[in-house]
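Asks: Dock chain one against chain two, each of which comes alone in its own frame, and use the hints as you go.
Same order as they appear, the protein sequences are chains A and B.
Using numbering that gives the first Met the number 0, the first residue of the first sequence is number 0, and each one after it goes up by one.
Using numbering that gives the first Met the number 0, the first residue of the second sequence is number 0, and each one after it goes up by one.
FYI, nobody ran anything at the bench for these hints, they're computed from the structure.
Where a beta carbon is used, it is the ideal one built from N, C-alpha and C, also for glycine.
Don't take every hint at face value.
[Stated by the list, open to error] Result set (DSS-like, lysine-lysine): computed pairs, CA atoms no more than 25 Å apart in a straight line: (1) B:129 with A:316; (2) A:580 with A:316; (3) A:316 with A:5; (4) B:129 with B:234; (5) A:425 with A:408; (6) A:331 with A:383; (7) A:5 with B:129; (8) B:234 with A:425; (9) A:425 with A:437; (10) B:234 with A:408.
[To be verified] Below, a sample of chain B positions facing chain A; criterion: calculated Cβ distance under 7 Å: (11) 25; (12) 156; (13) 272; (14) 290.
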Amino acid sequence: MRAFFKLLFRNRLAAAGAVVMALVVLLALVTPLLPLMDPDITNTADRFMRPFSEGHLFGTDHLGRDLLSRLMWGTRLSLAVGFAAAIIAAIIGSAIGIIAGYFAGRTDNIIMRFVDMLMAFPYILLALAIVAALGPGLMNALIAVAAVNIPFFARNIRGITVGIAHQEFVDAAKLAGLGHTKIILSEVLPNVVPVIVIAMSTTIGWMILETAGLSFLGLGSQPPQADLGSMLGEARSALITSPHTSIVPGFMILVIVMAINLLGDGVRDALDPRLKSGALSRPTATTQIASDRVAAASANDNAILSINNLQTQFHIKDRIYKAVGGVDLDVKPGECLGIIGESGSGKSVTALSVMGLVASPPGIITGGSVIYEGEDLIGAPYEKLRSYRGNRIAYIFQDPLATLHPLYKVGDQLAEAIRCHHHVSKTAARAKAVDLLKSVRIPNPEDRAESYPHELSGGMRQRIGIAMALANDPDIIIADEPTTALDVTVQAQILALLNDLRREHGLAIIFITHDFGVVAQLCDRVAVMYAGRIVETGETDTILADPAHPYTKRLIACVPELGGGRRQLAAIPGLPPVVDKLPDGCAFAERCEKCRTECTVGDIPLRISGSRAVRCLYPETELARETA
Amino acid sequence: MTGYILKRLLSAIPVLFGITLIVFLIMALIPGDPATAILGSYATPENVARLNQELGLDAPMWQRYFIWLGNMLQGDFGRSFALNRPVLDEILERFNATLILAGTAFILCAVFGIIAGVISAANQYGAADKAITFIVLLGISIPSFFLGMMMVLLFAVNLKWLPVSGMVAIYGGGDLPDILKHLTMPALALAVVATGVVARLARSAMLEVLRQDFIRTARAKGVREGSVIWRHALKAAMVSIIPVLGIQAGFVLSGAVYIEMVFQWPGIGRMLVDAILKRDILLVQGGVVFVAACYVLFNIIVDVAQSMLDPRIKT
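Chain B on its own, in the form it takes in the complex (with noise of 0.2 Å):
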């Protein structure tokens, strides 16, 4: 098991590079001369020049990708002009925001998407199938950010349960009970869309599982109905659904994006949006580097726990 942690770990690492590359060629795309784009039109040229100068912009672009690369594996993640601080510094602490709120979602999404998606395979066309396929529908066209907001008019305005928006009270809150009050009504937003995928894909793995020869081995031993769904289908079911939770963690990721402005959660996603509309250059590059190597890093530990759970899979 080690060995093929290592093996998928080091398998990563061009993947990583890959990244770093895309994401280079992607800000070469930046029209006119960069440090312009950094410092604004109203630069002087003397401090175009200077930038240019303390950022390498001034060499061939190879060049200029090793020493960002070069930079970065140093933890150097350059500085934000905007907010006057090291990028990395501002990344792991906006990150951590958004750890919390995607993290919740994504156990949400698994967890409900995955007891739904059974519900329904196991009650195929029954009046339990039929109201989870409508809800999964109706999840998986609304958008994140509309239901968000429409979460906020129900029970913010409305009822008066939960906070309109923030991560914390911002007088006497950041208790455990007060993340919490803040983060049901972001997480669950966030967590529609990918719970209603999970629950679709879920109930067409478990109805592929179900017509499978040894769930008829199974009734034919005499276990329960319920062991035959829960743990005989469902077990099976695992090894493909597994993988599309994998995928769901970069749809999480994405939403979060737009949750997060919504809630004014002080998050990763709404960093990197204010620094797209403020020209922070080198705080977005930092950003989506950083949230695009998590994610891969969260794809080996999808792979590891497929191949914990499958041991047709060699390791």
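The following block holds chain A by itself, in its conformation from the complex (with noise of 0.2 Å):
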């Protein structure tokens, strides 16, 4: 509870709305202690007198009466009909939505017809025919706004209460014979009142503002009792010659419905726990990256793409995660390059760096640098990025279900891939659509590019996805984790399909996988990452044969191997660690069983020898041994 106050009130608007509405309240409370005028005697004398004239600070109405004691006691009135209605409304719709959710079955289903057809009206109709029925009043008003808002409440708490009735502490009281009046008041009741307590607050200034509406339609309070309703409604007539009598309750009512707004925004942010861990932030076009980036020159002049000291970060609050820790890696033309590591071990962070797609905020570039043909693509400008993504350096992601749009069909979404980048007509770009989805070997490729992604299965979706990084005939393919959201036959599939258009095609391709026996039947090398760095990197061959990282060689053990029973399959113990604390040393030092004290302090380097390299103080295999 605490907690929620310090959230809401670092919220400066929630805070001043806060300070705003306790005000009005306060001078609410204490008009009649105040030494202010009666607000009803007339004064026909002095009518339409200017504000600040003498004795009346707000001037006087079209019946002299003073303004600013009409404006203190309708503002009480107001106040009071409102908080009034909110309760009764609060009541009896929260009553109706606990006993339907509660009962659920056909009570649930009676009343929830009723009350649907309840909102079907707009709720100024049911007011009106409500106050029709009654007669004008300001009671009458009341319990119209009341009835018209009892719906919301009943069906909100019903959703809550739905959702408590199955929970076994209920379960519990049922079993222990307690009646139905005593678990709902001493089980449901509790759980429901804060959701009770925040429709309420977000509801308050609806009602303020509905009875203030039937007022000034002069279906509210009628003569000579006045709410800011009413008062406004009256100086309506006089709107032209005495606008002050207008302006004086209007702009009070804009006072009291623009703080409880403000207040209700905070409460709502303050519960709300996306907007804690800033998951509401949206990504930009492209990546942030810091303005003291130091951009490390290229090592390597063969490589068609050079990755050197990439580093990215997550700036989440005041913590910092290292996620990418200086990665070095070069793609060859033509060669598969896998990346492999556990879930957080920065290697999807690294690949989404090269175009900058890695979301931001919170992500950020510190340092680094990516050369692809001679520029460096990190801090490249925008224009250049665009005219670069999907063109030369194409993406194919996870779970083609959620990475393409639900709402366009298949064909339009590779259609927009060819015109993105080159100017052809809409149906010389669909037969190309067409003819890419022959070449990913989709049946019927006219038909399914008329398809929307959920009406196609899993390995179909990926094969759109493939087709659409291959659209404009990119020199390399990053593929992240392609495969993993596949069942294994299809997973096969798919790894034989990229492996010939790999071939056909001569792309370069950068494989991320989490999966050894994935990269055993692609990659020519492969950079196996840790905690956002490397620990080692090799050709393919050498490494599965012969690992030098401790690490590498327990990933390697999880690979299943057909027929070959003998070998345990063993899970790697313990967790990376978390990248915003990384230990000295070692990152893998904890869970490693070889760990000395050594490999717990300072900066362990990657040795690097031939064409091998190894981030480790005690190697499975001595390096240099093998390129003597």
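Replies: Below, the structure written as structure tokens:
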């Protein structure tokens, strides 16, 4: 609770709303004690006096009544009616909702049907009908406004109650032989009260507005008694000659409703956990790049893409997660490079950093460079980056149901990929799209182009994803776990397809996976990542045969072998370290069987030896011997 | 698609019945004898008795409901006592004016609300976002009738740009430019609150969508950012914006009652308020049922639009 208020008052607007509202309520409460003039004493000699006249701070109205006094009493009345309506609506609506949600079945059905029908009315029609039946008057307006808001509470509270009614503690109470009334009062009610309060805080502004509205129409408070709405309604006829009589009450309504809205927004935000985590931030078109980034030079000239000392971080609140902590990778033309690691090892973030696709905020590239054709892509202007995306360097993502647009036909999505980079007609792009579908071995490509993603199978969708990556004949495809969401047979088909396409088109592929089995099938070279850094690289065959890093060895041991029943499948005990507080020394030390004290101090460098490299003080195999 | 529309129309029938039933039950709340309520307390007992018979008010309640319903289904909404003309004629004439006002306001709120929401989301925490958020907050907090009055003060009285009230000029008006001139202020005043609500929702719907994987895919394809926002993201966000537009139509219709009072617009809202003050019960009953039915039908259109946008909805 205290944390909630702290959060609420950190939001300055909400705090301002709370202060204004408290002030207005306080003034309304003490109004009878203040030395104000009688709000109902008319004095036609002094009618329509301007504001700041002597004795009348806000002037007088059409009957010569003191506006300040009428404003205070009117505010008091409006607040009282609004609060009363909110409380009545909350009590009756919640009772209906709890009964419907608790008893479920037919009771629920009948009640909710009725509630739905009430909600089928534009709210004011219902209020007008009620006032028409009961006759104009403040009490009747209050009843009407409360009645109109009952369905809102009934529906919300029913939803919450349904969830609670099936929980263990309610079942336990039933088994203990408690009656329904008792269960509702002692088990259900305490759990829904917070929701009721929140629903009230969001609707009370509306209720004040609605009652003011009815009074404005002349259907609410009747003279001489006046709330803010009827003050405004009475002043309307003198709007042109004496605008202050309208502005004073109107402005007051505005202030009250605005304060309540600010406060309500603050309450909602403080209760929404997504706001705290920053999950509601919108990622920008390219990843943010730190202004103090040091661009590293490329070490390898014959690479088509060279990643040098890349560092990508996530800044969430005051924590810094070093997702990628200085990665060097080179891809030669036509080569397939595997990047392997557990989830959270930074392999996807490395891949997304290449084209500036890391969600930002919270992502930020703090150092390093990505050299493609002699140019650094990190920090390249947006338009340059965009013209490369999907054109020279294309991506295939993991879950094709989430990564394809659900509302566009796949043929249109493919055609769009082409038209982003080539000036071709819609029909030409569409024809090319069908060709692409054919090239990824989709049967009936003309028909499939007319399908929406949800109408296709997982394997089919991933073929679409691949077709989209191929659309502009790129030099490099970055495939981010493209087979992880698929079942094994489909996975094998997709891998075979990628392998064929790679040979046909001379593609370089960066293949990200957590499965050494996949790496063995497809990749020429492999880089093993752990906690944001590369711990071992080398040719796939040599690493598979003779892993140097203990982590690599354990990863390979995770792959089941067909017919190889003798070997034990070993999961790696423990979890990778959290990348906002990396330990000193080797990040794997804690999970490593061979760990010694030296392993936990200082920075352990990547030792390079020929085509292999390993970041370990006590590797499983001596690299130097190999190269010799 | 035709099948889906038919299905939705059929499912509206029980709702329409429910609406008539609720209106009927509310009217049964009228204290004392309804005929007295209609004729006023000075009516002679003979007149009361005659009216009771005429309206079938001496029959039991359930019978009265079906008589009333049966008459309405045949287009007979009864006769207005205050206006001395058939209720339906009056409703249709007034509804026309309301439709022009509320329809314009609805289109304004949908268009400007969505545009403001998208710009706001696309520039989250930027200057445009802050400005829009502030204006929206002001918009949803100001009572539409007060806003209308302030607009009259500014644009009609001080600047003399637009007429103070009415739907057409009393002399020599009635053509399109004249109606437009009269329509501008009320439609704007009516649209403001709904625009604010739509803008807020559009902003959060867009923020939700912009974090989705398919947006990253669009960017990875090389789609221009403008197209990412206004085509890819907005289309997906419309799935959650459209239902709110349906709800907002109800708020616009409700707000029209106030705005018609402020601007002396000869619409159905003013008719209802006048009828309530004159205890013209049949006119109120008929008007409420008619507008509620129109709103139900409008929401069917909204559902159909939704199913056309989203192929995942089974039609």
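Asks: All the hints need checking, so say for each whether the structure fits it.
Replies: Hint by hint, here is what the structure shows:
1. Between residue 129 of chain B and residue 316 of chain A, the direct Cα distance comes to roughly 21 Å. Compliance with the 25 Å bound is thereby established for this hinted pair.
2. Proposed proximity of residue 580 of chain A and residue 316 of chain A is supported: the alpha carbons are some 15 Å apart, at most 25 Å.
3. Our distance criterion of 25 Å between C-alpha atoms is met by residue 316 of chain A and residue 5 of chain A, whose separation comes to about 16 Å.
4. The hinted pair formed by residue 129 of chain B and residue 234 of chain B meets the criterion: a straight-line CA distance of about 24 Å does not exceed 25 Å.
5. Distance restraint check for residue 425 of chain A and residue 408 of chain A: the Cα-Cα separation of roughly 14 Å lies within the 25 Å cut-off, and the hinted pair is therefore satisfied.
6. A distance of roughly 22 Å separates the Cα atoms of residue 331 of chain A and residue 383 of chain A; the hinted pair therefore holds under the 25 Å criterion.
7. With a C-alpha separation of about 23 Å, the suggested pair residue 5 of chain A and residue 129 of chain B falls inside the 25 Å cut-off, and the hint holds.
8. With a CA separation close to 20 Å, the supplied pair residue 234 of chain B and residue 425 of chain A stays within the 25 Å bound.
9. For the hint linking residue 425 of chain A to residue 437 of chain A, the alpha-carbon distance of about 18 Å falls within 25 Å, and the restraint holds.
10. For the hint linking residue 234 of chain B to residue 408 of chain A, the alpha-carbon distance of about 13 Å falls within 25 Å, and the restraint holds.
11. At a threshold of 7 Å, the smallest CB-CB gap from residue 25 of chain B to chain A is about 5 Å, leaving the interface hint in force.
12. For residue 156 of chain B, the suggested interface contact is upheld, since its CB lies about 5 Å from the closest CB of chain A, less than 7 Å.
13. Hint status for residue 272 of chain B: holds, given a least beta-carbon distance of 5 Å to chain A, under 7 Å.
14. A least Cβ separation of about 6 Å between residue 290 of chain B and chain A falls short of the 7 Å threshold, and the interface hint therefore holds.
Of the numbered hints given earlier, the model fails none.
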